[in-house]
Amino acid sequence: MNTSYTAITPSILEELKAIVGEHNLFTDTERIENYSHDETSKEQFSHMPEVVLTPISTEQISEVMKVADRYTIPVTPRGAGSGLSGGAIPIHGGIVLSVEKMNKVLEIDEANLTVTAEAGIVTNELNEQLKRTGLFFAGYPMSLETCFLGGNIAENAGGGKAVKYGVTGRYVLGMEVVTPQGEVVQLGGKVTKDVSGYDLKQLYIGSEGTLGIITKATIRLLGVPKYASNLLVPFRTAQDAISVVPLIMKQGIIPTSIEFMDKSSLEMSCSYLNESLPLEGVGAMLLIEIDGTDEQQVEHDLIQVGDLCSGHKAMEVYIAEDATTRERIWSIRRNIAEAIKVYSPIQSLEDVVVPIGSIPLVLPCLEQLSGKYNMRIPCYGHAGDGNLHATLVKNPESSMEEWLEMEPRLLSEFYAFIVGELGGKISGEHGIGLKRRSFFKDVTPRPEYQLLCAVKQALDPKNIMNPGKILL
Amino acid sequence: MHSIVLIKQVPQTSDVQMDKETGTMIRSGSTSILNPLDVYALETALQIKDRNGGRVTVITMGPASAVKVLKEAIAMGCDDVYHLNDRAFAGSDTWATSYVLAKAIEKIGIPDLVITGERATDGDTAQVGPAVASWLDLPVLTYVASIENLTSDSLIVERLIEEGYQRVQSPLPALLTVVKEIAEPRLPTLRGKKRAMATNIVTWSASDLDADQAFMGLRGSPTRVVKIATPKVSRQCRMVKVEDDDSLIEAVDQLFTFLEERDLLGGLNA
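As you go down the protein sequences, you meet chains A and B in turn. Adding 11 to a residue's 1-based position in the first sequence gives its number in this note's numbering. Adding 47 to a residue's 1-based position in the second sequence gives its number in this note's numbering.
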């Protein structure tokens, strides 16, 4: 694949300025520095772009792509920069194209239960604007207060409610995409079924900006469930907690969420939040949410799941039915990543996913690796989906060199077990991006990897669309 | 040690919408929850029970839906609950409400401690607790941040006041209104919830209380809401641009003059 690009010259800058206007183009180091990294480790992955563009329309993006195509300039599309795999980092320099100014809701269609919005709208803001309709977008990435719709689609973001509602892709009915050559295409629409030709829309979902730029999307909406309640269930060991997950799923009740938090994650988050939850003797907790439209049904399901936990080694079953208490316990879960960063900013947030029946096997492997490499590996995540965020945390006593040497060795071992032994995948919702591309190549069978390369080659022969991501 | 905790059901603040015409709260459609500050009162009473033994009794006055907050109190570990529910109570202001609550406490029997939250998040008056103490002729300790020494006939508390903390000793029985920092509320448990579901909640009407009906409800309330207005916040700011050292000194001078004119410098300019 091509990796030879044209540097941006003053005359190319002028061409770009003529398209987006001078307010939507900047090159000063201080401002473009913000676009050189995402939520991955800045020390390990950041790279400066040559220019940042903040276009305000699809037409502008199309014209920019035509210029990039003509001169062979790499273009890195960017949402909120809340990604966790380095997908928005311009490792070949060139243009960062941020959709931050394209943040409007274009249409709420209550008859068809859809909303059409621009790619730069913040996920939470979309739901705020939908509030009056009693409808909502069921995607629930944990960064919903900052992340953009376009980024959610490009990464096929999951999150805390995927057990019941699935991931972002389930809700994307249609989208507008600008291709690497600058063509504007409309994929899908408001229809709920569509087998007219290859499912290109699905190809773009989770493509991490490597095949084109998503500029608008039409999202399927659901009625807001009126009632939701939570259980917070402590267990003596992580194994006890994880072992209950498949049993819950078997009951015929589909919880909205089954989140897992191990002892280290709980301790770090509770101390970060000044939360005095009793943790003595606790090895792990499950946070379970049930929602629905009938209050009695929600209560009934909550008790049934709670009883099941009680019968399977739960130390206690806490319930949170009102908004204040629910927010209190969700806040512990949401703040884990931030709390771990406070403990040690050098870390690697992992995202493996395994068949749910295999979740109990992941933890002993982590424990063994933690001992072997003398590294703390707090683990939490979406147990109901088999998606766990084990986080490799640099031992504050070891040097950066030691970390850089140990981290890939540990990950190779871990991924080999996840993929080879358990039939899992190395990323469930964060994406391959920059961070996992070499591991991805290692664990992917050759014929499959070649197919992926062929798709990329067909759609982006000059390799200008977010080059260096997913594929090596 | 017997504690009686007074709790209230309030609209969830994130749900509250104001009627722009009348300036009043639109209550229909909003979710009702246990007053978030009352959870600290419940926790305080439960911790006293954990340490000293005894019972925690909870009273709420309100419509049929208020049973929900009593069930939450049981789920947290409270022992007995009473629901004061009668059309005659409707529209009571803080004076009438405190009268009804005091009558209920008298009927149960004066406990060692009556504990309330600092205030309710809807009315925001912080009057009901002290008024109940007044009806019952009990010493009242407001804004209690910690309890230091609780014996069978007295206690020492730290009150949160503007300048810091004030230590006060009081004989028992007494009424305390507590602030958030007194305790971290425990989470309700499934066991507690099941107990709550099985509990038959005692409801008392006006006639059960041996109370004077002229002192309750809208007619028994001396408070008259004459007008509700939303305060308009207007800020008059003056922008001063600083470009170099000279204009910085000038800007600081202007800031001092601005504060001096408004008498906001206190002793600083002396």
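Accuracy of the hints is not assured; some may be wrong.
Computed list of chain A residues with no C-beta within reach of chain B, every gap over 10 Å [said to hold, decoys possible]:
(1) Asp39
(2) Leu117
(3) Ile119
(4) Glu121
(5) Leu211
(6) Gln250
(7) Ser287
(8) Val309
(9) Ser321
(10) Asp333
(11) Thr335
(12) Arg339
(13) Ile367
(14) Ser449
Pulled a few chain A residues facing chain B out of the computed Cβ check, cut under 10 Å [said to hold, decoys possible]:
(15) Tyr209
(16) Leu243
(17) Leu288
(18) Leu290
(19) Gly294
(20) Glu310
(21) Asp318
(22) Ala331
In short, the hints are calculated from the structure, not lab data. Glycine included, C-beta positions come from ideal geometry on N, C-alpha and C.
Hints, verified against the model:
The non-interface label for Asp39 (chain A) is consistent with chain B: the shortest C-beta to C-beta separation is roughly 20 Å, beyond 10 Å. Chain B leaves Leu117 (chain A) outside its interface by the beta-carbon criterion, the shortest separation being 26 Å against a cut-off of 10 Å. Even its closest Cβ contact with chain B, about 20 Å, leaves Ile119 (chain A) beyond 10 Å, as expected for a residue assigned away from the interface. Chain B leaves Glu121 (chain A) outside its interface by the beta-carbon criterion, the shortest separation being 19 Å against a cut-off of 10 Å.
No Cβ of chain B approaches the Cβ of Leu211 (chain A) within 10 Å, the least distance being about 41 Å, so the stated non-interface status holds. Its beta-carbon lying about 22 Å from the closest one in chain B, Gln250 (chain A) satisfies the requirement of being farther than 10 Å from that chain. Distance check for Ser287 (chain A) against chain B: the nearest CB is about 4 Å away, which does not clear 10 Å, and the non-interface claim fails. Remark: the non-interface label on Val309 (chain A) is consistent with the geometry, its nearest Cβ contact in chain B lying 13 Å away (cut-off 10 Å).
Once the 10 Å rule is applied to beta carbons, Ser321 (chain A) is inconsistent with being away from chain B; the minimum gap is 7 Å. Remark: the non-interface label on Asp333 (chain A) conflicts with the geometry, its nearest Cβ contact in chain B lying 5 Å away (cut-off 10 Å). Not every CB of chain B is more than 10 Å from the CB of Thr335 (chain A) (nearest about 5 Å), against its label as outside the interface. Once the 10 Å rule is applied to beta carbons, Arg339 (chain A) is inconsistent with being away from chain B; the minimum gap is 8 Å.
For Ile367 (chain A), the condition that its CB be more than 10 Å from all CB atoms of chain B holds, with the nearest at approximately 24 Å. With 10 Å as the threshold on Cβ separation, the claim that Ser449 (chain A) sits away from chain B holds: the shortest Cβ distance comes to roughly 44 Å. Checking Tyr209 (chain A) against chain B: minimum C-beta separation of about 45 Å lies over 10 Å; hint violated. Proximity of Leu243 (chain A) to chain B holds as hinted, the smallest CB-CB distance being about 7 Å (cut-off 10 Å).
Satisfaction of the interface hint for Leu288 (chain A) is found here, the shortest Cβ-Cβ separation to chain B being roughly 8 Å, below the 10 Å cut-off. A hinted interface residue such as Leu290 (chain A) counts as satisfied when its beta carbon comes closer than 10 Å to some beta carbon of chain B; here the least separation is about 13 Å, so the hint is violated. Hint status for Gly294 (chain A) relative to chain B: violated, with the closest Cβ pair at about 18 Å, above 10 Å. Evaluation of the Glu310 (chain A) hint against chain B yields a held restraint, the C-beta minimum of about 9 Å falling below 10 Å.
For Asp318 (chain A), the interface hint holds, since its Cβ comes within 10 Å of a Cβ in chain B; the closest pair sits about 8 Å apart. Contact between Ala331 (chain A) and chain B, as hinted, is supported at the beta carbon level, the nearest pair being about 7 Å apart and thus within 10 Å.
Consistency with the previously given hints fails for numbers 7, 9, 10, 11, 12, 15, 18 and 19, ordered from lowest to highest.
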